[in-house]
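Chains as they are written, first to last, in the UniProt record's numbering: chain E, 1 to 408; chain P, 1 to 408.
Derived from the structure by calculation, the hints contain no laboratory data. Everything numeric in this text was worked out from a predicted model, so none of it was measured. Mixed in with the good hints there might be a few duds.
Just so you know, same-sequence chains aren't split out, so a pair can sit in one copy or run between any two.
[Claimed, not checked] SDA-like, lysine to any residue: derived pairs with alpha carbons at most 20 Å apart: (1) LYS271 to PRO157; (2) LYS117 to SER297; (3) LYS311 to GLY121; (4) LYS97 to GLY121; (5) LYS93 to PHE156; (6) LYS117 to VAL307; (7) LYS244 to THR317; (8) LYS271 to GLU90; (9) LYS117 to ASP308; (10) LYS208 to ALA243; (11) LYS208 to THR166; (12) LYS117 to LYS311; (13) LYS311 to SER122; (14) LYS271 to PHE156; (15) LYS87 to GLY125; (16) LYS271 to LEU86; (17) LYS271 to GLU161; (18) LYS117 to PRO157; (19) LYS311 to PRO126; (20) LYS311 to GLY125.
There are 2 protein chains.
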Amino acid sequence: MAMTELSTPKTTSPFLHSSSRLSLSSKLHLSNQFRHLLLPPLHTTSNSKISCSVSQNNQAPVAVQDNGSVKTKKECYGVFCLTYDLKAEEETKSWKKMINIAVSGAAGMISNHLLFKLASGSVFGPDQPIALKLLGSERSIQALEGVAMELEDSLFPLLREVDIGTDPYEVFQDVEWALLIGAKPRGPGMERAALLDINGQIFAEQGKALNAVASPNVKVLVVGNPCNTNALICLKNAPNIPAKNFHALTRLDENRAKCQLALKAGVFYDKVSNMTIWGNHSTTQRGGLLIQKWGRSSAASTAVSIVDAIKSLVTPTPEGDWFSTGVYTNGNPYGIAEDLVFSMPCRSTGDGDYELVKDVEFDDYLRNRISKSEAELLAEKKCVAHLTGDGIAFCDLGPVDTMLPGEV
Amino acid sequence: MAMTELSTPKTTSPFLHSSSRLSLSSKLHLSNQFRHLLLPPLHTTSNSKISCSVSQNNQAPVAVQDNGSVKTKKECYGVFCLTYDLKAEEETKSWKKMINIAVSGAAGMISNHLLFKLASGSVFGPDQPIALKLLGSERSIQALEGVAMELEDSLFPLLREVDIGTDPYEVFQDVEWALLIGAKPRGPGMERAALLDINGQIFAEQGKALNAVASPNVKVLVVGNPCNTNALICLKNAPNIPAKNFHALTRLDENRAKCQLALKAGVFYDKVSNMTIWGNHSTTQRGGLLIQKWGRSSAASTAVSIVDAIKSLVTPTPEGDWFSTGVYTNGNPYGIAEDLVFSMPCRSTGDGDYELVKDVEFDDYLRNRISKSEAELLAEKKCVAHLTGDGIAFCDLGPVDTMLPGEV
Chain E
1 MAMTELSTPK TTSPFLHSSS RLSLSSKLHL SNQFRHLLLP PLHTTSNSKI SCSVSQNNQA
61 PVAVQDNGSV KTKKECYGVF CLTYDLKAEE ETKSWKKMIN IAVSGAAGMI SNHLLFKLAS
121 GSVFGPDQPI ALKLLGSERS IQALEGVAME LEDSLFPLLR EVDIGTDPYE VFQDVEWALL
181 IGAKPRGPGM ERAALLDING QIFAEQGKAL NAVASPNVKV LVVGNPCNTN ALICLKNAPN
241 IPAKNFHALT RLDENRAKCQ LALKAGVFYD KVSNMTIWGN HSTTQRGGLL IQKWGRSSAA
301 STAVSIVDAI KSLVTPTPEG DWFSTGVYTN GNPYGIAEDL VFSMPCRSTG DGDYELVKDV
361 EFDDYLRNRI SKSEAELLAE KKCVAHLTGD GIAFCDLGPV DTMLPGEV
Chain P
1 MAMTELSTPK TTSPFLHSSS RLSLSSKLHL SNQFRHLLLP PLHTTSNSKI SCSVSQNNQA
61 PVAVQDNGSV KTKKECYGVF CLTYDLKAEE ETKSWKKMIN IAVSGAAGMI SNHLLFKLAS
121 GSVFGPDQPI ALKLLGSERS IQALEGVAME LEDSLFPLLR EVDIGTDPYE VFQDVEWALL
181 IGAKPRGPGM ERAALLDING QIFAEQGKAL NAVASPNVKV LVVGNPCNTN ALICLKNAPN
241 IPAKNFHALT RLDENRAKCQ LALKAGVFYD KVSNMTIWGN HSTTQRGGLL IQKWGRSSAA
301 STAVSIVDAI KSLVTPTPEG DWFSTGVYTN GNPYGIAEDL VFSMPCRSTG DGDYELVKDV
361 EFDDYLRNRI SKSEAELLAE KKCVAHLTGD GIAFCDLGPV DTMLPGEV
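Starting from the given sequences, assemble the full structure and let the hints guide the process.
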């Protein structure tokens, strides 16, 4: 195994002890002034070993030979461009093999919460090194660099790569998870049909890109709204990825519902279990109230619910409980129309996959509500037929407007 | 021990299975429409136990008898106003006794990251139940409610109370930690002396309030800038709290410096240790670059550094390493002026307290840089003499401007 000089950092001299010597090597890092950054001096005492050291013959980071092919990291960011022997660390620290996680809308507020949770190890565990692949728009590239800088500055030990880019065919390369958060928000006066089309095109393109370059068993979680229909579009454009791997986020609805039910029941929310969100994610109700109070949409709790949704797939579901997630209807036992993405109760063994909970029984009231949600999703599906390969779109969404301007 | 009916939630009937029955009891919760929230039906099957249940004779939450006095929670929020027997849970789950954590500037962006980290258990550990006391301005009270709603919706098991308020004498009651983040940002054209005075008055008042109502051994971390001088003002107004308990956050500088040094050295940042930030927190340099890239200040990484600063006090410092924090100079071995808040290398046994690392030796270069930082802090101290009980203020801050408009 090739050990680069970078994996043996405890070299001897000279100690960096003046801020003026810090002229940074990264092309993306501009700051070379550290007025208040005063590093430890040369002298070491018996009690305190000072290990901030720089090798005299320090080389620029080099590409690592990986399976015979030179790995180039064109889009890597700052300190994450450094080459080091992660395999050795994986062995030394009993770490798992690094996973690649793509996040779209990476410069947005939900991602600004989510990325730091992913990087901290609180989602995939303290033994799972992580590479983050950040997808943004041309317009957001500076902000993406800002996010990458903040991730660097957070010194998360498990975060080993941060790449930024605007082309899903590059960013999605080999990703094992794709968290698709970015979507155009609905502008004032915009028709729902227009929004469906604009966002649908984004998710059609991302589906194609995932199909072409992602890990064949990539798990895809669609957050950008309308998330059920966006997820359907995405999976239809990724025929080589199992349709079962695509999810639409309804966990925020589940969490909110659990909290409200706890309030109603006069118990703490940890006493509420077996909550099912059937059908589609709703952007109205509590989300709207939050925007009104808060002046912005609920980024922090949305990020928490994304974490919950991922954890539900990578940890075994507690005995007797289930979780809700929007999944592809293909042989569902509830008589819900096939070929939709519809939220249903699921369980997981923790391997990233899930099974439907098949024995929840409906009464007429629930049946009726589910049918309404089903009808909404069927109507949305007809609007985006041109994006799913189902022919010519016909859009009649009816008078019910479930989507709020400003809600992501 | 009194068990309220709320601690026995697994009552029998009727099951809530229609969204129309959800009319919420909390006065702060307005939404009563749950179009897409379709709860599990009455019927339970052999495989799936449905435990969303509401007792028929459900009572409104009542005050718990606590040490003979009725505990009223005037400012509590939503589901956190529920009364339940936390002591029983502490025993059942081997939880520690709940701690009260105050956060000022709670509606701001740094807090929006920090509060969720505190509530998730990632700072104080998975066995530490937490009460969050959110201090904001009158102007921000709606946003505080929004934050509380998002905390509710996140269903953090360890988060047991959220109180919101605008009066530090109420919010700081019995707090064991006070994270003072709120400060007025510097407006365009504002003189540094004016900013020092405006923020100084805030921290003088908060110091008085902590002195009057907080836990006698409260730990105080000042983040609002200029944090060193604000911390000095705060501790001077809290004579009954040990001066050693006050900290000014220089951990963000430490983290940024470690990252930059790693880049320079060509090693991953986890190889850099024993970094000392001497003197005052600097709001320029990388922070300024981030604002430029990102369009806002670095809330996420600041929150991470606050977490790091707290963890450094509540977990033992790794052998041979240290961390930087701005502390009260009282008998320091480095000849730095006494009666300042100055960042120095420290170690902790993990009990919330710390000791200075006393044997770092300076060369002339470092001595000179430290003297400059010392002179800046002495000048700031003279500007706020009217707030520290040191007589009449005299303000001559010199030409060096370390504070950037827009940086928090």
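Query - Hint numbers not upheld by this structure, sorted from lowest to highest - result: none
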